[in-house]
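Peer 1: According to the numbering used here, the residues represented by the sequence shown are 1 to 535, in order.
Hints in this document: simulated from the structure, not taken from any laboratory. Predicted, not measured: the structure shown is a model, and the values here were computed from it. Backbone N, C-alpha and C fix where the C-beta goes; we use that ideal spot for every residue, glycine too. Do not take every clue at face value.
With beta-carbon atoms standing in for the labels, derived distance ranges [what the hints assert, rightly or not]: (1) T86 / E121: 49 to 57 Å; (2) V75 / Q183: 48 to 56 Å; (3) G199 / G259: 44 to 52 Å; (4) Q465 / V286: 13 to 21 Å; (5) D94 / V265: 44 to 52 Å; (6) S63 / D279: 21 to 29 Å.
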Amino acid sequence: MPTTPTTTGRATTADPRASPDPRDPRDTHEPPGSPGSPDSQGSQGSQGSQGGDSRGAVRRRISARVRILLWLLVVMAVAFAAVAATTRSILLRDVDHRVNRLLTQETGEFTHFVDGGVDPETGAGFTDPRRLLEVFLERQYADPGEELIGLVHRPGQGPAQLTQARELSVAHPLHRDPAARRQIFAAQGSTGTLDRPSGELRWAKVEVAPHGGEPEAAFVVAFHPGGEQARADDVFRILLAISGVALLLTTGIGWVVAGRILKPVRLVRTAAAQLTEQDLTRRIPVRGRDDVAALAETFNGMLDRLERAFAAQREFVDDAGHELRTPITIVRGHLELMGDDPAEREETVRLVTDELDRMSRIVEDLLLLAKAERPDFITPEPVRLAELTADVFVKARTLGERHWELAEVADREAVLDPQRITQAMVQLAQNAVQHTTRGERIRVGSRVAGPRIELYVADSGPGVQAQDADVIFERFRRGTSRRGARTSGAGLGLAIVRAIAEAHGGRVGLGATEGGGATFTLTLDLVRPLEEVRT
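Produce the entire structure from the sequences given, and follow the hints as far as they go.
Peer 2: Right, dumping it as structure tokens:
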């Protein structure tokens with residue numbers, strides 16, 4: 001009675017991924033001295049301190065435009081390389097999955113054929129393993145890179161021998177290598193890999209053992225993934241080439257874009273290089289609202305402050321030289337002509353002392369005007385206007401025998417420097433005393449005018465000439481009253497008043513008093529943040 005061959009290993013077809021090739025070229029390791037190895041890190045650490053100065057010098061020689069472009073290229077190169085490497089890794093992984101799927105599929109089909117296959121010649125089950133393999137292989141068609149091989153071993157007839165094979169274009173097919181066939185037939189496992197001249201070979205087999213005895217035949221499916229891996233490498237090289245072209249385009253575009261972005265910085269550098277003590281008028285054109293535009297605005301603001309500081313310094317020197325020349329000449333002339341007469345010497349000492357006092361007042365006023373440009377010129381604080389106005393009135397009454405009146409008082413609170421405002425109001429009161437006579441009226445008061453406050457000093461004197469109204473607040477300008485009398489002093493008092501008003505963000509104005517005279521008014525904001533007042 002014929003016996004039906006049985007198979008062994010149908011349940012032992014393990015996952016081909018369990019047998020990786022120990023010599024797989026993809027399993028790379030960093031050799032000593034590579035950038036990631038400890039030896040390399042040690043050598044780099046020993047050289048870091050020695051090369052620090054040279055690297056700093058190189059960075060100073062390279063422009064910001066080039067450094068930005070280099071960093072951009074480095075980041076993009078790393079990103080492109082990562083994308084290309086990741087793509088290659090994914091493609092190779094897909095090749096592995098496809099090979100595993102094909103090996104599992106082919107061995108499964110053969111196992112199913114063994115269980116239910118019928119010999120077309122006899123119409124019954126297979127009794128000869130060789131016939132089983134021949135019929136199965138005739139019905140199969142190998143995929144590209146795939147080999148389907150039947151191996152039969154008969155006792156006393158030598159080693160395993162090829163029964164039939166189907167393969168497409170393979171440089172070094174397995175069925176032409178007896179040694180490799182014997183190695184696979186004798187292997188204990190059902191899957192494995194072999195190193196071939198054409199690359200890695202992945203295989204799986206199903207052994208046929210009649211009646212559960214020793215295996216007499218085996219079905220082997222072998223796959224050469226070299227072609228698939230070569231295509232993955234081609235894709236990798238194409239991606240690298242595309243990345244190189246993209247880097248070249250990025251270099252050109254980045255150079256232009258970086259130049260446009262850094263143009264305001266170059267303008268700042270050019271303007272700073274062209275600044276001189278004689279010419280501080282250059283400014284940077286501001287376009288847009290980005291960080292670079294903010295830099296240009298900040299630089300222009302610095303130039304404004306610098307120009308004002310230089311102007312104040314020059315004005316101080318010019319004013320000091322102009323105003324001190326006259327008293328110095330007077331002092332020198334009197335000292336040169338001073339005789340031995342005691343009365344004459346006493347008169348000379350009196351005149352010299354008076355001129356020196358005048359020089360001292362001029363210097364103090366000039367220093368005060370110079371300080372008016374500084375942010376700490378005023379110290380604002382919340383102040384009750386009623387108390388401030390009353391204090392000013394009390395101090396002003398001691399300046400001269402006039403008919404003093406506290407006209408009106410604003411009962412509000414404002415943010416200002418009480419000492420500086422008092423100084424300005426007393427100066428206005430002193431100016432009113434100089435232009436009035438005994439018994440004439442001087443009024444001091446404060447009021448609220450919408451969002452602002454007004455502190456004023458009004459007199460009943462002759463008023464101010466029309467030609468002096470526009471220049472009376474400038475330095476060293478001494479007006480002429482309607483009575484024709486020239487004002488005494490250095491002409492700095494009203495300039496100081498204007499400086500104090502402007503430091504508070506306000507102004508000082510001149511108007512006519514009803515019935516004759518002049519009214520000087522300080523106009524300030526009623527509500528203003530402390531930080532804004534200080535700046």
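Peer 1: Now look at each hint and say whether the structure bears it out.
Peer 2: Right, here's what the structure says about each hint:
T86 and E121 have their C-beta atoms about 54 Å apart, which keeps the hinted 49 to 57 Å range intact. The beta-carbon spacing between V75 and Q183, approximately 50 Å, falls within the hinted interval of 48 to 56 Å. At about 50 Å, the CB distance of G199 to G259 agrees with the hint of 44 to 52 Å. As the Cβ distance of Q465 to V286 is approximately 44 Å, the hint placing it in 13 to 21 Å is violated.
For the pair D94 and V265, the supplied restraint of 44 to 52 Å holds, since their beta-carbon distance comes to about 49 Å. At roughly 27 Å, the beta carbons of S63 and D279 sit within the given window of 21 to 29 Å.
In this structure, only the earlier hint numbered 4 is contradicted, and the remaining ones agree with it.
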